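J.: Residue numbers (the working numbering), protein chains in the order written: chain A, 4 to 288; chain B, 211 to 530; chain C, 12 to 582.
It is possible that some hints are incorrect.
[What the hints assert, rightly or not] Here are the simulated SDA-like pairs of lysine to any residue, each with C-alpha atoms no more than 25 Å apart in a straight line: (1) C:Lys341 to B:Asp295; (2) B:Lys376 to A:Tyr250; (3) B:Lys416 to C:Glu98; (4) B:Lys341 to C:Gln118; (5) C:Lys56 to B:Val220; (6) B:Lys341 to C:Glu561.
[Stated by the list, open to error] To give an idea of the interface, some chain C residues facing chain B are shown, with a C-beta separation under 10 Å as derived from the structure: (7) Leu114; (8) Lys125; (9) Leu388.
It should be emphasised that the hints constitute simulated quantities derived from the structure, not laboratory data. Just so it is clear, the structure is predicted and the values come from calculations on it, not from any experiment. Note that CB positions come from ideal geometry on N, CA and C, so glycine has one too.
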Amino acid sequence: MTTLAPALRVPAARLTGLRARPGTVLALGFVVLVVVAAVAPGVLTDRSPTAIDFGNALAAPSWSHPFGTDEVGRDLLTRVIHGSRLSLGIGLGATALAMSIAIVLGFTAALAGGIIDTAITRVLEVAFAFPALLLALLLIAIFGPSATTQVFAVGIGSAPGYARMVRGQVLNVRQAGYVEAAAALGHGRWTVLRRHLFPNAMRPLVAVVTLGVGQSIVWASSLAFLGLGIAPPNPEWGALLDAGRLYITTSWWLEILPGLVIVLFAISVTTLGRTLQRRLEGASR
Amino acid sequence: MKIATVRVLVRLLSVVAVLVAAASVTFFAQLLVPGDRATTILNLQNGREQEWTAAELAPVNQRFGFDDPLLLQYLHYVGGLLKGDLGTSYTQYQSVTSVIGAQIGPSLALTAAALVVAWGLAVGVTLLTVKRGRFVTGLGSGWETFAASLPTYWVGVVLLVLLAVKIPVFPVIGGSGVWGTVLPVLTLAIPLAGFLGQVTRDEFDKVLDQPFVTTARTRGMGDTAVRLRHGLRHAVLPGITLSGWALGALVSGAVIAENIYGRPGIGQVLVTAVNTRDVPTVSGIVLVVAGVYVVANLLVDLAYAAVDPRLRSHARVATA
Amino acid sequence: MSVDTDRTRTTATAAAAPLPVAPEESAAPVPLLEVEGLRVSFAGKEVVKGISFTAHAGRCLAIVGESGSGKSVTARTLVGLTGPGAEVEADRLELGPHDLTTLGERQWRRIRGKQVGFVLQDALVSLDQLRKVGHEVAEPLAVHGIGDRRSRAARAIELLRAVGVPEPEVRAAQRPYELSGGLRQRALIASAIALDPPLVIADEPTTALDVTVGAQVLDLLAASKARGTSIILISHDLAVVARLADDVAVMQGGVLVEHGPVEQILRAPQHPYTQALLDAVPSEHTRGTRLVRPADGEEKPARTRRPVDRGRPLIEARHLVKAFRGPDGKDREVVRDVSFEVFGGETLGIVGESGSGKTTTARIALALTAPTSGEVLLRGEPWSGLSPRQRRPERSRIGVVYQDPLSSFDPRWSVARILADALSRGPNPPGNGREARARSRALLEQVGLGAEHLNAAPLRLSGGQRQRVAIARALAPEPDLIVCDEPVSALDVSVQAQVLDLLTDLQDELGVTYLFISHDLGVIHHMCDRILVMKDGEVVESGTADEVFERPRHPYTRQLLTALPRLEVAR
């Protein structure tokens, strides 16, 4: 039933949307929680992230301190909650930067074609596979560690991957029958670009952007883990990891629990991105 | 024959282009450092921020050649590169080549071992779990999503705390012995295995629905044989194309793993250099990695052609 | 296999002792395969609803049906590969001495390949692209543990030779993508008959092939049948069936609606579905009539043609040449010196096999591809020679209908938006949204769709409905000419009949002019007034439909017509 199968698959793919999957609901819940923490940390905790309590330093997780305390007795959970604003900001900023670069390069390459396309594509291929961390480190070595450097380091590092995707997507859509059909109706190049090419090429990237925010936060926290992030007093997820490294053999929670929050956020965002991707594919194929 | 020759030439040209581009980027990166370079160096060496007199700066400028015209500096740098001279470290007063040379061996060994382990894990899990009923398949793809989302540092820390601190099976400080290499290799391999597994699974899933697989079954072939003989080769193709990227990810991961386990390697040197803002050393490492990366990608291309004979053929591949 | 029957038989028996040899032919035809009350359901939905049939040695049973009829599911069930989640029940399912209903997977594997050979539709995707053809052909031997590596390689070459593959030693060492479509399909058949199974099931074996190649593949299956193999042919194409089958079973919605000898089914069909299916096949006999019989009427109404304006041609192509640069850097001419003219109100057909240059010719006429040399004139004025800027406002004078309508619609757009956009390109664009909607509704009505489809996304429509929307879009800007590029090739025969009827109705009502591209000679003969036959970029023959089809002058045209599977029905 070669002709039947694809016809049957489409509605099936649509049924497995947001509603059906408990994993997606959990993921959405966690992302909402993080966003609330970033926007209004006071809703989730009334403690201060900087309240020092030397008598209670390096306390293991307990009911009163679910994530334990750090070397000067600050509540780790409170610091994680207050740290989400800066972390999320870095993630969003880096993704926005990466996407902007990617859209410009991807569209230019795909639409210009010829030697411009070949040149951009070659550069992107090399940059895509080149260790992103090294590029980031080079930038930090030059400009010194700061939140801005992190945004640029992660944004520039992840741009080539997106740019390749944008280019592929534009080429794909440009070959689509409806683009030719629009040309056959006598629409001009710009009209076709504006009405068909741009929106259809950008559609699947919505999901990619979602995935990208998670990846950016992971990357930024990796830099911070190496001690190349934001200066310690600011609560930021990566900075917490950096601060905890000294005590790794005695107080495991300082590393593992903030790390777990980052992991959960990354997984949640990935799950949401994939669900979105599946829905978009279901709607267009 | 002709097409093959042209392809080899194009490859070689692009190798040269990548290296020249990387060299230029690193050279200009050194110029981008805000402020006067000689001042930066003296500050670094003396550990304080201050203004230096022209007389104090002169020998530094002389030594590093900062007074020469830019073009001359550039040619000097590139000329040095051709002779294997990566410049001089700001802090160690030692040639960058010797700093890296002493450290690159363990890093390469770690990366290579991790790549092998990651592929083994990824292929093993997909072979065993693709299209094996809801539960097993869900388990396999769940593991992959989870593993692929893990940041390297977190895997490293969890493995360290679990298997070196709580249950002391492995040493906390790795060293470069075999026993001490197990945890760093796993740290690198697990996230990569998750990622390669996702790609391989998607493809495997598609391949097992292909008519040629059905045809093989109609010949009386059993499920295991179908997976191994027909499915596997097709399924690993997209993963292999991503191996260039995977190597990049591994190098990034290696820097982190080496730092967690206190393992000798370029990771340690690199982080120290970034912290002290020793740009020539950082640039040198970036360049060396670029070189390794270019060679590795040539190898990946060869591996791909070995698995997919279509690339060796002169005939244009018909649309599949 | 006359080549080496004895050896295969003996080795087969030696390798798997409990399996008896396939039954020999005796005087009274003993059925080889007996199926009674076969039911298949997926997730509680029954797709095969209790069908019964038998297959005999040396005979061919064809199971005919449209997509969704359950014919392919039935075929796969006969080798125990219905698919995951399928529930199969049968009162009786016997292949020779084997009771198939009781088999476990391990026992099924001994049946597959050895007792039943299976040939799938498209050999390009049915053979493993990464393995050598020889290995693929000999795989059944390897799977069943027959012979060693060297003897299997030799056997693969023998098999390839037996199915008429030239230079079998060379071909065996190549990969499937290096072979032409016909050779690939032969290799696939060679692999299916490698163990000389008494039953061969062929699922749409010629659908992906050009007519002439398809005919050769059918001959190959006929030769196998003559040697005593029982063949079950699964097909949507009644004409293909007529060429090979002895018995025909017609399936619709999981039920066998009619079953009997081929002459009876094709000449005197009893069931209305079979009758409609036969009526729907376009050919020289259906020319000038509609294909779909009205519910109450006995006769299919004849067309009422408008007169063709033989004055100035509407569109005129002069010595078109199109060359593309090949991967080796050499120019290849895919269109060579093609000239034609189309007059107002007529249908000019271009027929040819894949690679003949017919689609490129259509694209040049649409000015979507510029000719390397030569020119196209529209109403006597330059068309291909215009600059893109000059041409753009004029483009709406030529409409187009593609083979795959879905990909020609922006997935974000509704039918209403698609039609409004097309209307806005015409000479009288609608003044406002209300007028656009009203005119879109009228267009839908014209192509036989209700206004309820206005807000639908094309993805939600059936294949036939989509093609109707595509036709409505082509009509919207009131074009002089509509280019139809394989407009019905992706459709089931009954839907194809409806769409062809719609196209002829529109011509009769509105006097539309068509440039009609197709590989299907039956469709071309049914639709077209005049015909160009193309081969390798050249027009080898042209003339009125009857001239070309009844008195072909060029050997290629004759070859096409001989190869064409026909329904020899005196109706």
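J.: Would the pair B:Lys416 and C:Glu98 pass a check requiring their Cα atoms to be no farther apart than 25 Å?
T.: holds (23 Å)
J.: Keeping to a limit of 25 Å between CA atoms, is the pair of B:Lys341 and C:Glu561 held or broken?
T.: Not OK: B:Lys341 and C:Glu561 at ~55 Å, beyond 25 Å, violated.
J.: Run the distance test for C:Lys341 versus B:Asp295: straight-line Cα separation, threshold 25 Å.
T.: violated (47 Å)
J.: Hint validation: C:Leu388 versus chain B, beta carbon distance must be below 10 Å. Holds or violated?
T.: Hint on C:Leu388: violated, closest Cβ of chain B at ~34 Å, above 10 Å.
J.: Given the proposed pairing of C:Lys56 with B:Val220, does the C-alpha separation stay at or below 25 Å?
T.: Measuring from Cα to Cα gives roughly 56 Å; hence the hint is violated.
J.: Between the alpha carbons of B:Lys376 and A:Tyr250, is the straight-line distance 25 Å or under?
T.: holds (14 Å)
J.: Given C:Leu114 was flagged as interface, is its beta-carbon under 10 Å from a beta-carbon of chain B?
T.: It is violated, given that the least Cβ distance between C:Leu114 and chain B is near 12 Å, above 10 Å.
J.: Next pair to validate is B:Lys341 with C:Gln118; report whether the Cα-Cα distance is within 25 Å.
T.: holds (22 Å)
J.: Against chain B, is C:Lys125 within 10 Å by beta-carbon distance?
T.: holds (6 Å)
The structure fails to meet hints 1, 5, 6, 7, 9 from the earlier list, while all remaining hints are met.
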